[in-house]
Amino acid sequence: MKRLLGLAALAIVLGCAPAQAQYTDGIIKIGVMNDMSGTYKDLSGQGSVVAARMAVEDFGAAAKGMKVEIVGADHQNKPDVGSNVVRTWIDTDKVDVIVDVPTSSVALAVNEIVRDKNKVFLVSGAAASDLTGEKCSPNTIHWTYDTWALANGTGQAIVKTGGDTWFFITANYAFGLALERDTAAVVVKNGGKVLGQVRHPFPATDFSSFLLQAQASKAKVIGLANAGADTINSIKQAAEFGIVKGGQNLAGLLVFLTDVKSLGLPVAQGLIFTEAWYWDQNDVNREFAKKFSAQNNGVYPSMVHAGVYSAVTHYLKAVEALKSDGDGKAVVAKMKEMPTDDILFGKGTVRADGRKIHPMYLFEVKKPAESKGPWDLYKLRATIPANEAFRPLSEGGCPLVKS
Amino acid sequence: MFEMLGISSQALFGQLLIGLINGSFYALLSLGLAVIFGMLNIINFTHGAQYMLGAFAAFFLLEYAGLGYWWALILAPLLVGITGVIIERLFLQWLYKLDHLYGLLLTFGLALIIEGTFRNYFGSSGLPYSMPAELVGGQNLGFMFLPNYRAWVVVFSLAVCLATWFVIERTKLGAYLRAATENPTLVRAFGINVPRMITLTYGFGVALAALAGVMAAPIYNVSPQMGSNLIIVVFAVVVIGGMGSIMGAIVTGFGLGLIEGLTKVFFPEASNTVIFIVMAIVLLIRPAGLFGRAT
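Residue numbers (my numbering), protein chains in the order written: chain A, 1 to 403; chain B, 1 to 295.
Keep in mind that a hint or two might mislead.
What the hints assert, rightly or not - EDC-like cross-link-like pairs, simulated, lysine to aspartate or glutamate; straight-line CA separation at most 20 Å: (1) A:K290 - A:E395; (2) A:K366 - A:D376; (3) A:K67 - A:D116; (4) A:K78 - B:E269; (5) A:K245 - B:E134; (6) A:K323 - A:D58.
As the list claims (entries may be wrong) - Footprint (simulated), chain A over chain B, 3 or more residues, beta carbon under 8 Å: (7) 260 to 268; (8) 280 to 293.
Keep in mind the hints are simulated off the structure, nothing from the lab.
Fair warning: this is a prediction, and the values are worked out from it, not measured in the lab.
Heads up, the beta-carbon is just placed ideally off N, CA and C, and yes, glycines get one too.
Bound conformation, chain A alone (with noise of 0.2 Å):
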């Protein structure tokens, strides 16, 4: 029911260098697109915009005497307002990166678009790793997390721990089936077995029926292929149907710092799940995160919001070697080339099939009494090593690997 109202924009223009002829228009222009007004608007949203205003600060791009603009947009998780967006951002408001777009039906639609119109798509928000497998595009990198990373982390965490029959809650869209499918993979490949799954309607409200469905299949471990709202609602009202005292787990396969922060330690602690940041892992992220919440209604930093600096960072650095940003596919190519190194997530690297590869982090949420301030919420479990926190190459299916 919600209506565009046009963009809700927030330029900022960096500097007073003089245009220089090799960036179109002499401009580099960001454009953040995600929810900014539904349930995915506090893990992104406006958040995201803060994160890439501070990478372009950070940078230094007015000293280096690059013109930067961002521009931020609402897709309110619906794959043809986004398209709408990025298809005026790029034909008429010169818009040469794409960065965030959370839920995965839209990231696959502007993943299409960019690539046609050879423009540049960051993805951090969006995690169906089909963008760097079948759908992988020589336009696009995929930078934060993604299903698979996520199913791997939590999944052999679980089984191995003894949690070897699932049953799933899915999301029916996009992102939970992929999620489901690559959970199951890893369960299956780990000696498990899946028993079964629901897939609820996006968003839902009442998981009664599905939670329900869920203690039936007595499995040992219900896997929540959701995000958001959904999580926050499934987990709630698993604690009230008692399903944990029953003796069965739930597994939150994408749970975000503020989904934790909504639960509450009484509700959500004990949750195991994976990430690839978090704000309390050193002092260069806890500056970080300081920052960044004075500028955005005192609400930390999201693994998304972390990504979106790390993503523009490295763009920036790419645009500023190649000295140009109007051929997407050429800039794209350069950040695969160079390796990835910001304050964030230090050394990486980005793969020929657009997957930014660093660790990823087996996380879980503290008791009440452990936590000393409101945003103290996770204790560090394992840390999985970049080299195995990703999907292997070879497995992605990507077209751009095999030729």
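Following the hints, complete the assembly by docking chain B onto the known chain A.
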């Protein structure tokens, strides 16, 4: 196939009960809508936002005043009801003589403003609200585990629904109300303050929405968009029941909860569309709704 049916017949009772529980939320919300439409001729699109306000009021009462669930059950509807009275006095009272469309647009706009404001200040992830200690836990019914809280929700909302129906259809006050909608001038001639009655009726309808919000807070995510997810379904319920019909709203609320519950077992992907399919069929056969009177 038979084996499958054998297993699900056990689960069937569970799903029917769950449907009944969801139905009680639909009934409570559509009841408020039906009361407002029946008495004021206003299609109250703010209802979802007012349901959300109820849940947030419960959160604020706990967080800032230390008043728990049971207090919230009384105070939140009262507070939100008062905001409803203010809205009626400021805006709605000028619209009764105009086309339905104006009321719809106004309340829709208000809903967007309220939800947008809350989203701006509280984000979209939602706030934690825990269950009252008295209702934690549940009963094992053999075919399913019934949380105490859900049982409470069914019983309490059924009681509220029936009490509302009784007041409007069977008491003198209700008779005044119904008469005032038919012919306000005549009722005023008997010395009854019709505008005040209408204002309070709107406040009451809004309070019902807030009550549903408080009841939802411990089990659903308390977030600014919680109402907009539900409001469309609730409107469908009201249309199926017959606009303005009190009993229609109650019966269809529970009935559609059951139908939705069954869909979640047999074809879960369609569970959020089934209500609209029912609506389309009902409108084809009985355009005034199941309990509505053709005008």
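Against the structure, the hints:
1. A:K290 - A:E395: violated, 39 Å
2. A:K366 - A:D376: At roughly 8 Å apart (the allowed maximum being 20 Å), A:D376 and A:K366 satisfy the hint.
3. A:K67 - A:D116: violated, 25 Å
4. A:K78 - B:E269: At roughly 18 Å apart (the allowed maximum being 20 Å), B:E269 and A:K78 satisfy the hint.
5. A:K245 - B:E134: holds, 18 Å
6. A:K323 - A:D58: With a Cα-Cα distance of about 19 Å, the restraint between A:K323 and A:D58 holds, given a limit of 20 Å.
7. 260 to 268: holds (count 4)
8. 280 to 293: The restraint on the segment 280 to 293 of chain B is violated, since only 0 of its residues have a Cβ under 8 Å from chain A and three are required.
The earlier numbered hints that this structure contradicts are 1, 3, 8.
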